[in-house]
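J.: Residue numbers (this note's numbering), protein chains in the order written: chain W, 7 to 276; chain X, 7 to 276.
The set of hints was computed from the structure by calculation and includes no laboratory data.
Hints are not guaranteed to be accurate.
When chains are identical, the list treats them as one kind, so a pair holds in a single copy or across two.
Okay, derived cross-link-like pairs now, DSBU-like style, lysine-lysine, Cα gap no bigger than 30 angstroms in a straight line [claimed, not checked]:
#	residue 1	residue 2
1	K216	K246
2	K246	K129
3	K246	K123
4	K8	K123
5	K8	K216
6	K8	K246
7	K204	K246
Protein chains: 2
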Amino acid sequence: MKRTVFFVSESTGITAETLGHSLLSQFDSIDFEQVYMPYINTELRAQALTQRMQEAAERDGVRPLVFSTMLDDRIREILRGGNCYFLELFEGFVDPLSCELGIAPSRRSGRSHAITKPSSYTKRIEAINFAMANDDGMRPDNFARADLVLTGVSRSGKTPTCLYLAIHYGLRAANYPITEEDFERGDFPTEVTGCRHKLFGLTIEAQRLKLIREERRRGSRYASLEQCQADIRRAEDLFKRHAIPVLNTTSQSIEEISSHILRSVKGQVD
Amino acid sequence: MKRTVFFVSESTGITAETLGHSLLSQFDSIDFEQVYMPYINTELRAQALTQRMQEAAERDGVRPLVFSTMLDDRIREILRGGNCYFLELFEGFVDPLSCELGIAPSRRSGRSHAITKPSSYTKRIEAINFAMANDDGMRPDNFARADLVLTGVSRSGKTPTCLYLAIHYGLRAANYPITEEDFERGDFPTEVTGCRHKLFGLTIEAQRLKLIREERRRGSRYASLEQCQADIRRAEDLFKRHAIPVLNTTSQSIEEISSHILRSVKGQVD
Numbered sequence: 007m008k009r010t011v012f013f014v015s016e017s018t019g020i021t022a023e024t025l026g027h028s029l030l031s032q033f034d035s036i037d038f039e040q041v042y043m044p045y046i047n048t049e050l051r052a053q054a055l056t057q058r059m060q061e062a063a064e065r066d067g068v069r070p071l072v073f074s075t076m077l078d079d080r081i082r083e084i085l086r087g088g089n090c091y092f093l094e095l096f097e098g099f100v101d102p103l104s105c106e107l108g109i110a111p112s113r114r115s116g117r118s119h120a121i122t123k124p125s126s127y128t129k130r131i132e133a134i135n136f137a138m139a140n141d142d143g144m145r146p147d148n149f150a151r152a153d154l155v156l157t158g159v160s161r162s163g164k165t166p167t168c169l170y171l172a173i174h175y176g177l178r179a180a181n182y183p184i185t186e187e188d189f190e191r192g193d194f195p196t197e198v199t200g201c202r203h204k205l206f207g208l209t210i211e212a213q214r215l216k217l218i219r220e221e222r223r224r225g226s227r228y229a230s231l232e233q234c235q236a237d238i239r240r241a242e243d244l245f246k247r248h249a250i251p252v253l254n255t256t257s258q259s260i261e262e263i264s265s266h267i268l269r270s271v272k273g274q275v276d
Numbered sequence: 007m008k009r010t011v012f013f014v015s016e017s018t019g020i021t022a023e024t025l026g027h028s029l030l031s032q033f034d035s036i037d038f039e040q041v042y043m044p045y046i047n048t049e050l051r052a053q054a055l056t057q058r059m060q061e062a063a064e065r066d067g068v069r070p071l072v073f074s075t076m077l078d079d080r081i082r083e084i085l086r087g088g089n090c091y092f093l094e095l096f097e098g099f100v101d102p103l104s105c106e107l108g109i110a111p112s113r114r115s116g117r118s119h120a121i122t123k124p125s126s127y128t129k130r131i132e133a134i135n136f137a138m139a140n141d142d143g144m145r146p147d148n149f150a151r152a153d154l155v156l157t158g159v160s161r162s163g164k165t166p167t168c169l170y171l172a173i174h175y176g177l178r179a180a181n182y183p184i185t186e187e188d189f190e191r192g193d194f195p196t197e198v199t200g201c202r203h204k205l206f207g208l209t210i211e212a213q214r215l216k217l218i219r220e221e222r223r224r225g226s227r228y229a230s231l232e233q234c235q236a237d238i239r240r241a242e243d244l245f246k247r248h249a250i251p252v253l254n255t256t257s258q259s260i261e262e263i264s265s266h267i268l269r270s271v272k273g274q275v276d
């Protein structure tokens with residue numbers, strides 16, 4: 007049985023989508039058809055959406071779920087009146103918080119993902135540019151300016167993780183792929199060992215690495231299980247020798263890897 | 007007055023942070039010191055955190071706020087017992103949802119940002135690789151394989167937006183910078199006009215563009231107000247001629263721009 011879910015907001019809808027996803031992940035035996043509806047910021051749009059709710063209810067044979075973060079009372083009441091199970095995600099928190107903080111909420115919508123602090127937004131954009139310019143070990147001479155440097159064998163997940171850390175946390179994340187040249191030399195180049203305190207090693211199971219490399223160069227020596235095993239073993243030896251913290255990316259998402267790194271970068275280790 | 011806020015979870019904490027940020031943005035006259043605490047997944051870590059709460063309370067002269075998404079009852083009760091104003095963000099929603107859906111929640115933690123569907127995770131990683139390989143008009147022959155192509159003058163926000171769309175929504179987003187060559191030719195190259203239906207034009211106010219370009223090449227002709235104005239005017243003429251939808255990025259974040267694009271890509275326009 008399919009059940010439609012709408013994530014609705016008067017602005018980006020990112021909060022509704024994030025909390026909504028989290029809640030749905032507690033009920034993963036159900037096949038949810040997820041529809042993202044940002045910028046429902048007029049009564050006309052809200053009415054059009056109630057029409058879509060009705061269509062979904064008829065198609066699925068059950069009323070859709072609506073996850074909403076809506077500060078506008080009139081629009082919220084239009085949506086709540088539709089044929090749906092309506093969950094307003096802000097409602098229960100704003101008043102208690104207001105009470106605890108002793109001030110009234112601004113009730114302005116669309117603040118959470120807008121540019122409210124230009125300096126921190128600029129920092130994120132600069133971090134993205136830095137990550138792009140320092141991907142794949144392009145400029146080891148820039149590592150001194152990095153907040154952190156990820157290293158690991160080819161296709162161990164360095165690039166997506168660097169981009170995630172830059173976009174979300176404004177961290178200047180560079181990465182250095184360990185290559186045959188390093189293995190032959192028996193060590194990292196000096197630019198890498200010189201920033202040992204900001205290095206993170208990514209490792210991965212050989213079978214998984216083989217699958218990822220096969221996508222890139224099917225049937226190659228590069229993608230063979232033997233080569234993957236040898237690369238990983240030699241990379242892990244290097245991590246060990248330099249006491250570099252290691253994360254295994256085999257079954258972790260970039261969000262999970264990034265959270266582990268962030269925890270460590272900020273010294274939140276106990 | 008400063009007030010400390012902890013975002014706490016037994017896994018990545020992304021949901022706690024996202025909803026917490028949204029709620030705090032309603033009280034933007036207060037200076038919040040935000041501390042991100044993922045992977046509070048043992049009683050020991052929870053106890054260490056209550057210690058930090060106490061320190062924050064003494065330092066700030068007021069108890070800290072805690073935004074938590076915690077499924078483990080014992081850990082949650084340890085945190086709630088600390089010197090803090092504790093808000094559990096899942097609690098109020100899981101039971102009503104369970105009732106509406108007619109099934110029990112799994113109560114497994116860390117599901118929302120884990121790799122629960124390998125196929126959709128792989129799609130995201132492939133989209134990131136695609137965005138990296140097709141940044142800055144590097145391979146216009148690949149535009150046929152793109153889900154969408156952003157175009158605009160240099161520094162109008164194309165690259166960060168493409169990366170965000172790839173990372174979060176698994177969209178294969180390429181971008182094409184409009185250059186002097188295009189202006190001289192008086193049109194886009196055929197690879198661009200050939201995918202007109204998936205083009206989005208980004209535009210920006212000249213004063214803002216000048217500031218961004220100054221960061222890159224201070225005092226250059228490229229960063230002069232006259233050049234910025236001329237580039238923008240000619241780019242907007244091209245957008246108009248080809249009926250390309252246009253977004254103004256001057257005061258919009260990449261999250262806001264992406265949400266507008268997503269709304270349009272998915273045909274959610276009314």
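J.: Does each hint fit the structure? Answer for all of them.
T.: Evaluated hints:
no.: 1; hint: K216 <-> K246; in the structure: within (23 angstroms within a copy, 48 angstroms between copies)
no.: 2; hint: K246 <-> K129; in the structure: neither (33 angstroms within a copy, 33 angstroms between copies)
no.: 3; hint: K246 <-> K123; in the structure: neither (41 angstroms within a copy, 33 angstroms between copies)
no.: 4; hint: K8 <-> K123; in the structure: between (41 angstroms within a copy, 17 angstroms between copies)
no.: 5; hint: K8 <-> K216; in the structure: neither (36 angstroms within a copy, 50 angstroms between copies)
no.: 6; hint: K8 <-> K246; in the structure: neither (49 angstroms within a copy, 42 angstroms between copies)
no.: 7; hint: K204 <-> K246; in the structure: within (15 angstroms within a copy, 48 angstroms between copies)
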